[in-house]
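Take a look at the letters that make up each chain.
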Amino acid sequence: MSDEHAEHVVPPGVYAIIILSLLTLTLLTVAAAFVNMGRFNIVAALGIATLKATLVVLFFMHAKYVPKRTKLVIVAGIFWLALLLFMTMSDYISRVDYRGVRFPMTQNITFSVEQNV
Amino acid sequence: MHRTGALFGQFKTLEQQKDTATLGMWIFLVTEVMFFGGIMLAYTINRHIYFHAFAMGSNTLSLTAGTCNTLVLLASSFTMAMGVWSAQTSRKKWVTIFLTLTIVLGFVFFSIKYLEYSQKFHHHLVPGRNFNISYCVDNPSACPDIDAADMAKEREELKAAFAADPDLNAHAQLYYSAYFGMTGLHALHMVIGAGLLFWLLKESFSGRFDAEWNTPVDMVGLYWHFVDIVWIYLFPLLYLIDRHK
Chain A
1 MSDEHAEHVV PPGVYAIIIL SLLTLTLLTV AAAFVNMGRF NIVAALGIAT LKATLVVLFF
61 MHAKYVPKRT KLVIVAGIFW LALLLFMTMS DYISRVDYRG VRFPMTQNIT FSVEQNV
Chain B
1 MHRTGALFGQ FKTLEQQKDT ATLGMWIFLV TEVMFFGGIM LAYTINRHIY FHAFAMGSNT
61 LSLTAGTCNT LVLLASSFTM AMGVWSAQTS RKKWVTIFLT LTIVLGFVFF SIKYLEYSQK
121 FHHHLVPGRN FNISYCVDNP SACPDIDAAD MAKEREELKA AFAADPDLNA HAQLYYSAYF
181 GMTGLHALHM VIGAGLLFWL LKESFSGRFD AEWNTPVDMV GLYWHFVDIV WIYLFPLLYL
241 IDRHK
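Line order of the protein sequences matches chains A and B. Residue numbers for the first sequence follow my numbering, so the first one is 1 and each next one is one higher. Residue numbers for the second sequence follow my numbering, so the first one is 1 and each next one is one higher.
To be clear, the hints were calculated from the coordinates, so they are not data collected in a lab. Hints are supplied without guarantee of correctness; some may be wrong.
In silico DSSO-like links for lysine-lysine, alpha-carbon gap of 27 Å or less [unchecked claim]:
no., chain 1, residue 1, chain 2, residue 2
1, B, 12, A, 71
2, A, 64, B, 12
3, B, 92, B, 18
4, A, 68, B, 18
5, B, 12, A, 68
6, B, 120, B, 159
7, B, 92, A, 64
8, B, 159, B, 245
9, A, 71, B, 159
10, B, 153, B, 245
11, B, 202, B, 92
12, B, 113, B, 245
13, B, 153, B, 113
14, B, 120, B, 153
15, B, 18, B, 202
16, B, 93, B, 202
17, B, 18, A, 64
18, B, 18, B, 93
19, B, 120, B, 245
These stretches of chain A come out as covered by chain B in the derived footprint (C-beta under 8 Å, 3 or more residues) [stated by the list, open to error]:
no., segment
20, 19-26
21, 95-101
Since we're looking at a predicted model, the values are computed, not measured. Glycine included, C-beta positions come from ideal geometry on N, C-alpha and C.
Given only the sequences and the hints, what does the whole structure look like? Please build it.
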């Protein structure tokens, strides 16, 4: 992409479609929270949130129309966030403490001097 | 500094100048992503460990207030985007109008947030020595804003939650710390954003922003949309845990 491209002006019609989608998705995520999907409730909630965030980034923030080098910065930021979340969570979920207890923080263990000997 | 109209000396064209500003703004926003990302990670770990306390805490929030605030903030993002469009197409009067609308919607958000925060203070749901997750259930006369049916439901939920987690009162404070910490930092960002919008509004009175030069409107717009995205994630994370019960 050339550095000397003309500024892309997004027409108001596109903004109108995006805001209507965002408002609809908000009501959808509230409705979805009242349906018992077990562990998939959080997947649905974060999935809809990510869809909304993507619409905001691409259209309201014009990320669809910026040069590739700016897109690289955006993608790198998301990738780094994914690293932070994924690596830390995999550590927390797989950690075993000195008593062989998996994910010890969930076990409501009361500590005493005898236990630690 | 040497300057030709809106073009600063170190740039060849206005487009290059604008692209440079946009790139710099995005790099700043990425640092903000990492800032909020760390807080959300701490939230995720605590929620994973103290699930019952987080679900109980979430159910004491007002879903109506949270949903209204989400809709208000999304609408303010739309008016902000329209403000940028007005500047890009040299509709100078509309820049002022859309910036004003964005500020007004921002203050509607603050007002709803204020009502929510003050309710939490009245219900003894602020972490600290007076925190009591059972306060309203134990003193129904002190919480006239919760109707009898909701109160009975909350009593049942609390009973089940205490059975699953005897230390619920301590762990619920972690949820409320996350709630006040995350929404507070988000609100702080909005205060900064509102300050920037007031500055833009003042500048727009003299018709400074047009198709040739609108960088400040565009950059503040990026910041405002970013703050909106933070709320898009905070809303399901804080308000929508275990609502189906």
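Each hint tested on the structure:
Annotation: proposed proximity of residue 12 of chain B to residue 71 of chain A holds, straight-line Cα distance about 22 Å (limit 27 Å). Note on residue 64 of chain A and residue 12 of chain B: the hinted pairing holds, with a Cα-Cα distance of about 24 Å set against a maximum of 27 Å. At most 27 Å may separate the alpha-carbon atoms for a hinted pair to count; residue 92 of chain B and residue 18 of chain B meet this at roughly 19 Å. Restraint check: the Cα-Cα separation between residue 68 of chain A and residue 18 of chain B comes to about 14 Å, which is no more than 27 Å; the hinted pair holds.
In summary, the hint linking residue 12 of chain B to residue 68 of chain A is supported, as the alpha carbons are separated by about 19 Å, within the 27 Å threshold. A hinted pair counts as satisfied when its Cα atoms are at most 27 Å apart, and residue 120 of chain B with residue 159 of chain B qualifies at roughly 21 Å. Only pairs whose Cα atoms come within 27 Å are accepted, and residue 92 of chain B paired with residue 64 of chain A is accepted, the gap being roughly 25 Å. With a C-alpha separation of about 14 Å, the suggested pairing of residue 159 of chain B with residue 245 of chain B holds against the 27 Å cut-off.
A distance of roughly 50 Å separates the Cα atoms of residue 71 of chain A and residue 159 of chain B; the hinted pair therefore is violated under the 27 Å criterion. A hinted pair counts as satisfied when its Cα atoms are at most 27 Å apart, and residue 153 of chain B with residue 245 of chain B qualifies at roughly 10 Å. A threshold of 27 Å between alpha carbons decides the hint, and for residue 202 of chain B with residue 92 of chain B the separation of about 12 Å falls inside it, so the pair holds. Simply put, residue 113 of chain B and residue 245 of chain B have alpha-carbon atoms about 25 Å apart, close enough for the 27 Å limit, and the pair holds.
Our distance criterion of 27 Å between C-alpha atoms is met by residue 153 of chain B and residue 113 of chain B, whose separation comes to about 25 Å. Between residue 120 of chain B and residue 153 of chain B the alpha-carbon distance is near 18 Å, which keeps this suggested pair within the 27 Å criterion. Straight-line distance between C-alpha atoms of residue 18 of chain B and residue 202 of chain B comes to about 22 Å, which keeps the hinted pair within the 27 Å bound. The hinted pair formed by residue 93 of chain B and residue 202 of chain B meets the criterion: a straight-line CA distance of about 12 Å does not exceed 27 Å.
This hinted pair checks out: residue 18 of chain B and residue 64 of chain A have alpha carbons roughly 16 Å apart, not beyond 27 Å. Between residue 18 of chain B and residue 93 of chain B, the direct Cα distance comes to roughly 22 Å. Compliance with the 27 Å bound is thereby established for this hinted pair. Between residue 120 of chain B and residue 245 of chain B the CA atoms are separated by roughly 22 Å; this keeps the pair inside 27 Å, and the hint holds. Proximity of the segment 19-26 of chain A to chain B, defined as three or more residues with a beta carbon under 8 Å from a beta carbon of that chain, is established by the 4 residues found.
Requiring three or more residues with a Cβ within less than 8 Å of a Cβ of chain B, the coverage given for the segment 95-101 of chain A is violated, as only 0 such residues are present.
Hints 9, 21 from the list above are not met by this structure, while the remaining hints are.
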